[in-house]
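Note that the protein sequences, when read in sequence, are chains A and B. Residue numbering for the first sequence follows this note's numbering, starting at 1 and increasing by one per position. Residue numbering for the second sequence follows this note's numbering, starting at 1 and increasing by one per position.
Possibly wrong hints are sitting among the right ones.
Claimed, not checked - Residues from chain A that keep clear of chain B, each with C-beta distances beyond 12 Å, as calculated:
id: 1; residue: G89
id: 2; residue: G178
id: 3; residue: I189
Stated by the list, open to error - Computed Cβ-Cβ distance ranges for the label pairs, DEER-style:
id: 4; chain 1: B; residue 1: S489; chain 2: A; residue 2: V164; range: 13 to 21 Å
id: 5; chain 1: B; residue 1: R463; chain 2: A; residue 2: V251; range: 52 to 60 Å
id: 6; chain 1: A; residue 1: R183; chain 2: B; residue 2: E239; range: 40 to 48 Å
id: 7; chain 1: A; residue 1: V164; chain 2: B; residue 2: R84; range: 57 to 65 Å
id: 8; chain 1: B; residue 1: S489; chain 2: A; residue 2: I11; range: 37 to 45 Å
No lab work stands behind these hints, which were simulated from the structure alone. Idealized CB from N, CA, C, for every residue including glycine.
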Amino acid sequence: MPRWLRSGRVIVGLVLVLGVVACALLAPWIAPHDPDEQNLLTTLLPAVWQPGGDAGYWLGTDGLGRDVLSRLFYGARVAMTVALAAAFGAMLFGCVLAYVAGYLGGWVDWVIGRTVDVWMSFPPVILALILMTGLGTGERNVILAIVLVDWTRFCRVLRSEVMVVARRDYVTAARLVGFSHWRTVTREIVPATIPLVVTMLSLEMGIAVVVEAILSFVGLGVRSDQIAWGQMIADGREAIFQAPWNLLAPVAAIFVTVAGFNMLGDGLRRSLDVRLVEGRE
Amino acid sequence: MSLLDARGLTVSTRLRGEILPVIRGLDLSLDEGSVLGLVGESGAGKSMIGRAIAQLMPPGFAVTAGSLAFAGESLVGMPPARRRALLGREIAFIPQEPLTALNPVLTILQQFAEHFAHIGVRSRRERRERVRGALASVHLDGVDDLLDRYPHQLSGGMCQRVLIAMAFASAPRLVVADEPTTALDVTIQARIMTLMAELQQASGTAVLFITHDLRLAREICRSIAVLYAGGVVERGPAEAVFARPTHPYTRSLQLANPALRGPRHALFTLPEQMPGLRALSRLPGCRFAPRCPVVSDDCTAQEPLLATAAHGSACLHPMRTMAITVSGRGAPARTASQGAVLLEVTGLSKRFGGGGMFRRPSALAVREASFSIAAGEFVAVVGESGSGKTTLGRLVMGLERSTAGRIVLAGQDVTAGREADRRHRVRSAQMVFQDPQSALNPRRRVGAIVTQAMEVGPDHADRAHRAQRALALMAEMGMSPEMVSRTPSQLSGGQRQRVNIARALCGVPRLLVADEIVSGLDVSVQAQMLNLLQRLRGELDFAMLFISHDLSVVRHLCDRVLVMYRGEIVEQGPTDEVFDAPRHEYTKSLLAAVPGERD
């Protein structure tokens, strides 16, 4: 068993994340109702264990009589799609620039570094909102907005790591035996930075889930006919006293997902980071 | 009664559930006012003894048996309050790294005054006076100016003087010096050693001098204890131990050191290296037996005890020691350059800094260097740190772009550093790096590392050919074939350096640039590497630019020598000529500073 699988954090994180992924994938089969099916006779039902709850609607219904649990499962689809796509996108964009900047140094590094500085000086949520206003709503645009806001996170952290690795003698040695720049980076530098990238990827997925929820909450996220946790929170706000689970269920879903990603990321960092591992053995 | 007294001292650590001794049954005694040299290679446990005296053991280590007493008082299990009272006042330490031992945010006066406050000097004015006196005693000029400086404004040698002044300031009864000069240049090292001897004699302090350098120990110590695998294997008066060693290990160390004067002798090498803690704890009988050149069957039967005589060793057959000799005379230096010119450097200069938005003053790292290397010739570059010798090597390899001058390598001008020049360099010159740890990619296997050059370029070859070449290289380096599937972290320091050399030799270059490749190694491993280089030279016929600060190694290995001082080549010529009749003042001072050569 690889070392990273022996960490408790990684296992708990993986279980949580895989659970959410399973809900998203299996939504059509495990959801008790069609998430868009309205039943205006049973609106704002409380959860099944509360007085007045209905056994057919475990977590109650919303203002239009739609099943909260089913919507939760379908909402996981948007959350996971955005989390995976946006995090990978930000990683690709940020990492490529980080490898270029950290390896080449000089003016290339200067230009990329200053761009990151300027980019990071915008408050990220406001930047995302502005982008969404410009791009218009939709799943693809949410992903694009997150990539455009968060690539700097990858770029800045990874750049410094690349600079450290690139200064090692074995990288020089690879150049001296005739490796091209491309080969030097892919064979000698990238493998050494993979643990960091994997860790940041996992953390970024958690961030992407939160950002997507924020955007959907203010109505600038996915299209209004798609089901997203942020929208559910916005809808549930009004009926918080009659049917609190309209609000609490999506909040809990976000909480569990983000906690899963964070634990996974933290566990991976602790078990993959050579410096931390060496300190312990 | 002796001042410091260790009886059967055992320090152990726990490694994966096993309790393993790092120091085993150590007997040691140091009299009031005398100087004892503790000599051993890395892993012998010599620093652990210093830490045991300070009772500052790293986590997981503890004294598990025996006693350690200072002036009749046991240091083991001493109450912390009492220990603090002793340390700094009665027992003082001189650390290995002077630059990291001083607090960077306090001035020299502040740190010193703190120390005097600790040892009970109350008045502010008196403290200041005492600091001035202490600094004057270590011959530091401009004391007043120095008091308000910060450590980073001083050189390593000056910092070490400050620390020595601090150690002797409280007139302690014992000073423990752990490799106090290892981090310093040879010329400064000599001055520091003289200074320590002077202070020791003036104050009558006892000194425990921990070092890896047998010759340095002989020079300043009255008696010597040689440490191997956590135990003393030989002890006695310095001259006697040196003249008539009675333990095979001492003798091997002696023969592994290249000489600076007199006839060159071939270097004696011990097989392998000191076994690990676990292997040692399972070894029956004498701990040195697996590597001993004069071992016999009875050696593994029982563990020899350290003889109680004034000069004695822990060996069953001390009389056999002197039978260990090396045959052969060492490689004869080639007197004149025999081959055609391989590398021709003319007027080469390198200026650092000076550009950018915030202009910093530029510095000439190399100033108009001109020299040539013939095919098959070994040329050394010597000089202290900051003399530009590393920059010179990097310029030759094209890792730095020169400011002025010309480099002609194997008939092609490669100064410009174009793509064609790079390809030409790859074929004709390779580099071996100083730190084998950082020079080997920890994620690749040895076989892949050594045949890296065959993955691309003109020597491109498929997997099967590469594997074959890797095995051939292993054999050439004297390593066993199964090493190809190891990762660098599974190798010892000496093995890593072999892999490092193997990688450079894979494409059979005509020039090897070697930057301090033996300086971080233990004496016995260093001897293995030097012998290996000489053998390879005979087989492969390559030239080498050998950058080093160790003059005896240079004399042993190289035909010609370039002496660098502040970026300039101040003297060059055949090794014997330069060493026997140095012309430049700097060369003379370098030669005079080598331990064992001073009067």
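Evaluation of the provided hints:
The Cβ of G89/A sits about 27 Å from the closest Cβ of chain B, beyond the 12 Å cut-off, so the non-interface label holds. Listed as outside the interface, G178/A is inconsistent with that label: its C-beta sits roughly 4 Å from the nearest C-beta of chain B, within the 12 Å cut-off. The Cβ of I189/A does not lie farther than 12 Å from every Cβ of chain B; its closest approach is about 10 Å, which violates its non-interface assignment. With their beta carbons about 18 Å apart, S489/B and V164/A fall inside the hinted range of 13 to 21 Å.
For the pair R463/B and V251/A, the beta carbons lie near 55 Å from each other, so the given range of 52 to 60 Å is met. A C-beta distance of roughly 58 Å is found between R183/A and E239/B, which places it outside the suggested range of 40 to 48 Å. Between V164/A and R84/B, the C-beta spacing of about 39 Å breaks the proposed range 57 to 65 Å. Distance hint check: the CB atoms of S489/B and I11/A are about 27 Å apart, inconsistent with the given range 37 to 45 Å.
When held up to the earlier numbered hints, the structure conflicts with 2, 3, 6, 7 and 8 and fits the remainder.
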